[in-house]
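Chemist: Given next are the chains, with one letter for each unit.
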Amino acid sequence: MKEARSHARISEVPSELTTALLRELVTHLRQHRTQLREEWAQRITEAKLLTAMTKEEVFAEATSVYDNYVEALETGTFEALQAYARNLSERIIPRGVQTDEVVGIVLLLRDVLARSLFARYHADFEKLNRILDAYEPAANRIAITVAVGFVQERERTIREQQEAIRELSTPVLQVRERLLILPIIGVIDPQRARQLTEQLLRGIRTNRARVVVIDITGVAAMDSNVANHLVLTVEASRLLGATVIVTGLSPEIAQTLVNIGVDLTKMNTVGDLQGGIEEAERLLGYKVVPVVKADAVN
Amino acid sequence: MAVPILKQGPYLIASVQSALTDADLLELRNALVEKVGRFRSRGVIVDVTALDVMDSFASRTLRDIAHMIRLRGAETVIVGIQPEVAFTMVQLGLTLEGVATALDLEEGLAYLDRAAKTGGGETRSGGA
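Chains A and B, in that order, are what the protein sequence lines are. Per my numbering, the first sequence starts with residue 1, numbered consecutively. Per my numbering, the second sequence starts with residue 1, numbered consecutively.
Honestly, I wouldn't trust all of these hints.
[As the list claims (entries may be wrong)] Below are the SDA-like pairs computed for lysine to any residue, each with C-alpha atoms no more than 25 Å apart in a straight line:
{"#": "1", "chain 1": "A", "residue 1": "K48", "chain 2": "A", "residue 2": "T99"}
{"#": "2", "chain 1": "B", "residue 1": "K35", "chain 2": "B", "residue 2": "A110"}
{"#": "3", "chain 1": "A", "residue 1": "K287", "chain 2": "B", "residue 2": "K117"}
{"#": "4", "chain 1": "A", "residue 1": "K266", "chain 2": "B", "residue 2": "F57"}
{"#": "5", "chain 1": "A", "residue 1": "K266", "chain 2": "B", "residue 2": "D24"}
{"#": "6", "chain 1": "A", "residue 1": "K266", "chain 2": "B", "residue 2": "R63"}
[Unchecked claim] From chain B, some residues computed to sit far from chain A (all C-beta separations above 10 Å):
{"#": "7", "residue": "R29"}
{"#": "8", "residue": "D52"}
{"#": "9", "residue": "A86"}
{"#": "10", "residue": "Q91"}
Treat the hints as calculated values from the structure; they're not laboratory data. Here a beta-carbon is modelled for each residue, glycine too, at the ideal position from N, C-alpha and C.
Just need the whole structure built from these sequences, with the hints factored in.
Modeler: So this is what it looks like as structure tokens:
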């Protein structure tokens, strides 16, 4: 018995004894498919899991999961189940289904099936033990497969979104000859800060910029790392011959920066973007004149 | 390898062609400080476009050059620092404080012209 247990856990190919038990188990689960499936669906509803889905949907998914579950038990291969888990995750993640719900329903199924095994074999304790020895490792593996599939799918979604945000979020724009603006919106993490700097320095080079206005109106918070990075960016820009004007520091950020003692003496700051652009134009020797007035002068 | 120093009107242009050893840097420093007086130059441009590394000694020497040349009555601009080099430098704290910088040779010349018009920027410690 002990041997059977270790075999089922360690080796991919279960021993003959385990195989026989699993076959018996699968037969049992197939026979009671309808009843067990319904019991499971009901337990899901009772536990208030998958509330984002309708009752019919829950039942339909429960049926597929059940069949896949039994198949995985029967064949001992998890590829089909893995693919199904990924597919299921893809469908339910956008609807706001949480990790704990997915893990919850798989554990519920495990529980429902185990109970039915108890009910069937409680008279023969030895047999029940052996059945459980065959069932538990496989069931655990199934639970892990489904949960990991769900989490992986979620992480993939998150990674894709992060990529998208990153690509969208760092434009370096030329507003006039020799003048760039870099509007920063949202949270600056170290990676994004590095990317911003890289793009800005490259932009200075390709656009031959002499003045850069960095507008951080859309940045809600800033920690000392990011602030120091900003200072480094300003200094690096100076080494390329460009003056940096930082605009739109919110009161909170101003307070944070002073409190954490970032050395801002090298930073040229102006209240808002308009003021920053005006200051930049002054540095570049531009002067904006209303058309009417200009005509009058001519 | 010695750095060629070209005379262009009232300016001297030192165009660095390859990575410099510490000895090369000192030689460049001495040559510039000497020539700026000999040619009565108003400005010096050091072009480092070809450098893809700037260590602390190089950056300190460039700063020294700028300060020495200021004492000799001329203005210095460092031009052509690569973006990657610039960021590495500031991360190491090598910010070339008090030294004028410009994007490239053209910008450097424009800077010196402007400085000449406004009366030599912050320098003007007497003629050479």
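Chemist: Could you run down the list of hints and mark each one as holding or not?
Modeler: Status of the hints after comparison with the structure:
For the proposed pair K48 (chain A) and T99 (chain A), the alpha carbon gap of about 14 Å is at most 25 Å, so the pair holds. The straight-line distance between the Cα atoms of K35 (chain B) and A110 (chain B) is roughly 21 Å, inside the 25 Å bound, and the hint therefore holds. As the CA atoms of K287 (chain A) and K117 (chain B) are separated by approximately 20 Å, the hinted pair is consistent with the 25 Å bound. Taking the CA atoms of K266 (chain A) and F57 (chain B), the gap is about 23 Å. The hint holds against a cut of 25 Å.
Among the hinted pairs, K266 (chain A) with D24 (chain B) is inconsistent with the structure: their alpha-carbon atoms are about 32 Å apart, more than 25 Å. Taking the CA atoms of K266 (chain A) and R63 (chain B), the gap is near 18 Å; set against the 25 Å cutoff, the hint holds. Its beta-carbon lying about 19 Å from the closest one in chain A, R29 (chain B) satisfies the requirement of being farther than 10 Å from that chain. The non-interface label for D52 (chain B) is consistent with chain A: the shortest C-beta to C-beta separation is roughly 14 Å, beyond 10 Å.
Distance to chain A contradicts A86 (chain B) as a non-interface residue, since its nearest Cβ pair spans about 4 Å, not more than 10 Å. Chain A draws Q91 (chain B) into its interface by the beta-carbon criterion, the shortest separation being 6 Å against a cut-off of 10 Å.
Violated hints, in rising order: 5, 9 and 10; the structure is consistent with all others.
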